[in-house]
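All chains, full assembly: derive it from the sequences and hints.
Line by line, the protein sequences give chains A and B. As numbered in this note's numbering, residues 1 to 443 make up the first sequence, in order. As numbered in this note's numbering, residues 1 to 443 make up the second sequence, in order.
Source of the hints: derived by calculation from the structure; they are not laboratory data. Treat the hints with care, since some could be wrong.
Copies of the same chain look alike in the list, so a pair counts if it fits in one copy or across any two.
[What the hints assert, rightly or not] Subject to a maximum C-alpha distance of 27 Å in a straight line, what follows is the list of computed BS3-like cross-link-like pairs (lysine-lysine):
| # | residue 1 | residue 2 |
| --- | --- | --- |
| 1 | 278 | 256 |
| 2 | 51 | 76 |
| 3 | 74 | 13 |
| 4 | 21 | 256 |
| 5 | 40 | 140 |
| 6 | 218 | 256 |
| 7 | 352 | 262 |
| 8 | 217 | 410 |
| 9 | 218 | 262 |
| 10 | 278 | 352 |
| 11 | 51 | 140 |
| 12 | 277 | 351 |
| 13 | 278 | 351 |
| 14 | 351 | 262 |
| 15 | 104 | 218 |
| 16 | 277 | 217 |
| 17 | 218 | 410 |
| 18 | 217 | 262 |
| 19 | 40 | 159 |
| 20 | 159 | 217 |
| 21 | 140 | 204 |
| 22 | 217 | 21 |
| 23 | 76 | 159 |
2 protein chains.
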Amino acid sequence: MDFGTLQILLREKQYNLLKEKLEKSHLVDIADFINHLDAKDTLLVFRLLPKDMAAEVFSYLTPASQAQISVEIKEKELYAILEELRFDDKIDFLEEMPANVVKKILLNSSETERRLINQFLNYPEDSAGSIMTIEFVELKKEMKVQESLEIIRQTARNKETIYTCYVTDAGRRLEGIISLRELVAASPGQSVAEIMRREFISAKTLDNKEYVASLIKKYDLLAIPVTDQENRLVGIITVDDIVDVIDEEITEDIHKMATVGKIDINLLDASPLFMVKKRLPWLLVLIVVGFFAGSGIAVFEETIQAAIALVFFLPLLIDSAGNAGSQSAALMIRALAVGDVEIGDWFELFKKELAVSILLGLVMAAIAYPIGVSRGGPDVAAVVALSMTAVVLVGSLIGMSLPFLLSRFKLDPALASGPLVTSIADVTGVLIYFFIASRYLGL
Amino acid sequence: MDFGTLQILLREKQYNLLKEKLEKSHLVDIADFINHLDAKDTLLVFRLLPKDMAAEVFSYLTPASQAQISVEIKEKELYAILEELRFDDKIDFLEEMPANVVKKILLNSSETERRLINQFLNYPEDSAGSIMTIEFVELKKEMKVQESLEIIRQTARNKETIYTCYVTDAGRRLEGIISLRELVAASPGQSVAEIMRREFISAKTLDNKEYVASLIKKYDLLAIPVTDQENRLVGIITVDDIVDVIDEEITEDIHKMATVGKIDINLLDASPLFMVKKRLPWLLVLIVVGFFAGSGIAVFEETIQAAIALVFFLPLLIDSAGNAGSQSAALMIRALAVGDVEIGDWFELFKKELAVSILLGLVMAAIAYPIGVSRGGPDVAAVVALSMTAVVLVGSLIGMSLPFLLSRFKLDPALASGPLVTSIADVTGVLIYFFIASRYLGL
Chain A
1 MDFGTLQILL REKQYNLLKE KLEKSHLVDI ADFINHLDAK DTLLVFRLLP KDMAAEVFSY
61 LTPASQAQIS VEIKEKELYA ILEELRFDDK IDFLEEMPAN VVKKILLNSS ETERRLINQF
121 LNYPEDSAGS IMTIEFVELK KEMKVQESLE IIRQTARNKE TIYTCYVTDA GRRLEGIISL
181 RELVAASPGQ SVAEIMRREF ISAKTLDNKE YVASLIKKYD LLAIPVTDQE NRLVGIITVD
241 DIVDVIDEEI TEDIHKMATV GKIDINLLDA SPLFMVKKRL PWLLVLIVVG FFAGSGIAVF
301 EETIQAAIAL VFFLPLLIDS AGNAGSQSAA LMIRALAVGD VEIGDWFELF KKELAVSILL
361 GLVMAAIAYP IGVSRGGPDV AAVVALSMTA VVLVGSLIGM SLPFLLSRFK LDPALASGPL
421 VTSIADVTGV LIYFFIASRY LGL
Chain B
1 MDFGTLQILL REKQYNLLKE KLEKSHLVDI ADFINHLDAK DTLLVFRLLP KDMAAEVFSY
61 LTPASQAQIS VEIKEKELYA ILEELRFDDK IDFLEEMPAN VVKKILLNSS ETERRLINQF
121 LNYPEDSAGS IMTIEFVELK KEMKVQESLE IIRQTARNKE TIYTCYVTDA GRRLEGIISL
181 RELVAASPGQ SVAEIMRREF ISAKTLDNKE YVASLIKKYD LLAIPVTDQE NRLVGIITVD
241 DIVDVIDEEI TEDIHKMATV GKIDINLLDA SPLFMVKKRL PWLLVLIVVG FFAGSGIAVF
301 EETIQAAIAL VFFLPLLIDS AGNAGSQSAA LMIRALAVGD VEIGDWFELF KKELAVSILL
361 GLVMAAIAYP IGVSRGGPDV AAVVALSMTA VVLVGSLIGM SLPFLLSRFK LDPALASGPL
421 VTSIADVTGV LIYFFIASRY LGL
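See below:
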């Protein structure tokens, strides 16, 4: 969308023209535009939106913009918007608001709604319950196809999806599911019981949302029903919400692979202290590992003193080991995450890694050898070449095995981060290098 | 699913029972089971499937299993399966088959189909054209709602999705889209023209598929229409196929962040030579960077000779710089990828990084100081603490800025990989450390 034109209209206070342009824009783009505005313009532009667009645009705004609007807007206006929001968007909004705002809104809700909101706000943060919505189509099995289609027709506007419908018994227990596709293709006189599927994929309220995402991905679902411990249908999760879960999951994995803790806010909004808390723990762990590398060096202090040229190659060798190891670790972490390989494939992959890393090591040794000759003569060059092959081999094998080891102990393979693998490879690299040097050079 | 029971039935040759169990299983699970079988059992189990399930299960098999079946099966059987496949699954299959198989299959197809297959096989690998399907519902704007629903009813079985329908003119140019939800909610006598949306999100055949994925994600779409250069509708892409694109994209990014080239096959199937080709280039680049770190050391050889204890802290310091830098780089790469931050936010984030990295550096220096005292006395400890603060600061600032710099030059920010940042941080770390040491210790 052309944000530039909108900006100009806003600056020139051409509100009528701006309003017209906005009305023709996609809801997502309008929200995008408002999210980028200064605090003072946010409410102004939001108020230009026609009533039927306002709630939908509101649901696409960032929590920061939502908060901005909800403190400045009149209470009555806010309630009107909340009234129009889909239930899952309302819960998302309330989760981000301060307790006093939530309390006020709850006081203004009906008894039933209040109970429902409280129930949803209480689902654990990463659970299926926390992202499900209650706006689904519920059918009964004795209904005829025609009658079902009529119900869908009348209620379509207020449902998150009408493309999968859920068949429940008198106690709201989930008995079957039926797609609109199947309903449309059936003859009008058939009963729902005849065509509904009794075998279907479902989730529980307390299931982890990443597990639910994996089910939707694996079975190519548009929506998945969520039931409580008594098998009562309490909500559904649609594929568009799952796309966001996948994104969050990947962000978490990428951060973990770089030894950063879980960050669920925009970096622009994060305080320095918050960031320090997320980054420091692993950096301190890695200092301990680095300390061992230093201790390895201390053991060989005399060797180093006798052939100071060896230090020249230290960063080169330990970096190479760490880099090769980081490559292997990343390959395995990702392959395990998407299910391309399983824990039982370790030995198969280990053998392959052996071949790969020997080849890599030999090529890299061939590059390092002439540098060794020029810096320290043929003996140092031989030590460097031999060490390069050995450290790349060992670094790669550690890097590829660590994710499997973590997985074996039910830990997240992504903890085998590049920095961790690099640090471990450094310790072994230092020991291998100076050991080979002391033996070969007779120091 | 309980693979164990199926395995036992297979081993005990209880084919009737196995067939019964399979018929009750989910297509995706059956495919999963077959994918894990030995070559000799693959065709055997596949042949147990009833005809109407066979094609669908086939579409969920890995290329390896598909190939296995298609070379062993009778030609007539293979054609029957291909006949039943959805068009996009057929193209996916043909893309993986050797040329002679494809040729044979094309010879066996009708003239129209042959032309269509050739057209689709020719779309570039990463284009929208390469992943779209032709099985969509096409409506005309003069149709009435009732008539449209009847068409959908009759053709539903063979369409990839019926939930979004496409309205085209006589020249097949796309004029509007309409969801089944809107059709169902409309009154039967309304015309399609009255209720269709004329403003909609669409893609071109040659658009990159990652761009299409970003559109579907951004606008929460179930499907997106794909048009050619003349705005003729040639296919659609559904959200379930996009979930796979997102997965591939993330894999590529994670590999890139670990300096591994693009790998689009399962690691278990990759040859060692293939893996070496994907991993070696960057390792060699990084050797060059490591060589500079060595050269830095060479400059300060006398300093090192005079205070050999300094070498003890070398891995600790350069690792810390690299680790802090890798953290910052990963944070920025991901935030840029999901659109949380933009290139214009660099300075804002740089200021924040300054605060964060000084804090991190000071804490880490406080940990390193006592180690310094115990290994080399108060002077060495002061050098180490000062260096730690400096290298963490510089490493972090390089790590956070590099992704922006790459982005600025239209390169992929993910190229600012952990290993690259680590290696650059090493060079600067070595220089800073020994510079401070030589000044402070007067060496």
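Results of checking the hints against the structure:
1. 278 / 256: Both: 10 Å inside a copy, 24 Å across copies.
2. 51 / 76: Within one copy, since 13 Å is at most 27 Å while 61 Å is not.
3. 74 / 13: within (23 Å within a copy, 73 Å between copies)
4. 21 / 256: For residue 21 and residue 256, neither the intra-copy (43 Å) nor the inter-copy (41 Å) Cα distance is at most 27 Å.
5. 40 / 140: Classified as neither; 51 Å inside a copy, 47 Å across copies.
6. 218 / 256: both (24 Å within a copy, 25 Å between copies)
7. 352 / 262: between (34 Å within a copy, 18 Å between copies)
8. 217 / 410: within (22 Å within a copy, 32 Å between copies)
9. 218 / 262: Both: 26 Å inside a copy, 23 Å across copies.
10. 278 / 352: For residue 278 and residue 352, the Cα distance is within 27 Å only across copies (14 Å; inside one copy 36 Å).
11. 51 / 140: neither (35 Å within a copy, 32 Å between copies)
12. 277 / 351: between (40 Å within a copy, 18 Å between copies)
13. 278 / 351: The answer is between: 18 Å across copies meets 27 Å, while 37 Å in one copy does not.
14. 351 / 262: between (34 Å within a copy, 22 Å between copies)
15. 104 / 218: neither (42 Å within a copy, 32 Å between copies)
16. 277 / 217: Result: close neither inside a copy nor across copies, 34 Å intra and 31 Å inter.
17. 218 / 410: within (22 Å within a copy, 34 Å between copies)
18. 217 / 262: both (23 Å within a copy, 23 Å between copies)
19. 40 / 159: neither (34 Å within a copy, 49 Å between copies)
20. 159 / 217: both (22 Å within a copy, 20 Å between copies)
21. 140 / 204: Result: close within a single copy only, 21 Å intra versus 43 Å inter.
22. 217 / 21: between (37 Å within a copy, 24 Å between copies)
23. 76 / 159: within (25 Å within a copy, 46 Å between copies)
Hint check: violations occur at hints 4, 5, 11, 15, 16, 19; the rest are consistent with the structure.
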